[in-house]
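*Asks:* Working from the sequences, and respecting the hints, build out all of it.
Each residue of the sequence shown is one higher than the one before, starting from 1115 at the first, in our numbering.
Hints are computed from structural coordinates only; laboratory data are not their basis.
For every residue, glycine included, the Cβ atom is placed at its ideal position computed from N, Cα and C.
Hints are not guaranteed to be accurate.
Unchecked claim - Derived DSS-like pairs: lysine-lysine, alpha-carbon spacing no greater than 27 Å straight-line: (1) Lys-1139 / Lys-1173; (2) Lys-1169 / Lys-1224; (3) Lys-1119 / Lys-1169.
Stated by the list, open to error - Per label pair, the in silico range of CB-to-CB distance: (4) His-1217 / Glu-1177: 26 to 36 Å; (5) Thr-1232 / Asp-1172: 33 to 43 Å; (6) Met-1229 / Gly-1200: 16 to 26 Å; (7) His-1222 / Tyr-1140: 13 to 23 Å; (8) His-1217 / Glu-1116: 19 to 29 Å.
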Amino acid sequence: LEQDKETVMRCWLAMGGEADTLRRKYLDEYKGTCLVRAYDRKKKKSFNTDKREWKMRDKPSDEVSDWCGVMVEGGRVTKLCWGFLGLKGAIPAEIGALSALTHLDLGHNKLNGAMPPTIGALSSL
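*Replies:* Listed below in structure tokens is the structure:
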């Protein structure tokens, strides 16, 4: 898990995320699911379809399973639910090192460039 933890942090930072946000932001309920959002074209803004809201811890957590949009099963990172989080830049090839990944949501961010070939090697994705 420690190797996955370092990889998750490096990927988050590579896409313009802030370390403190990753380690403090969380959903109060529904742990283990991804945030569901929709987009209102008339109002030009996104919203939570199920009314869940992100909250911030007073102190950052060192437990990767507590991190924003990171799900852990069997001691490995299995899901990254990072849609609608304002990430930008290229998707880092290093994300392919998360070999237990079964779900990857990077939608509705400002990511650019080609999909790294390492993601194609993730057989459980």
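*Asks:* Each of the hints needs a verdict: does it hold here or not?
*Replies:* A quick look at each hint next to the structure:
| no. | hint | in the structure |
| --- | --- | --- |
| 1 | Lys-1139 / Lys-1173 | 10 Å, holds |
| 2 | Lys-1169 / Lys-1224 | 22 Å, holds |
| 3 | Lys-1119 / Lys-1169 | 21 Å, holds |
| 4 | His-1217 / Glu-1177: 26 to 36 Å | 19 Å, violated |
| 5 | Thr-1232 / Asp-1172: 33 to 43 Å | 36 Å, holds |
| 6 | Met-1229 / Gly-1200: 16 to 26 Å | 20 Å, holds |
| 7 | His-1222 / Tyr-1140: 13 to 23 Å | 19 Å, holds |
| 8 | His-1217 / Glu-1116: 19 to 29 Å | 21 Å, holds |
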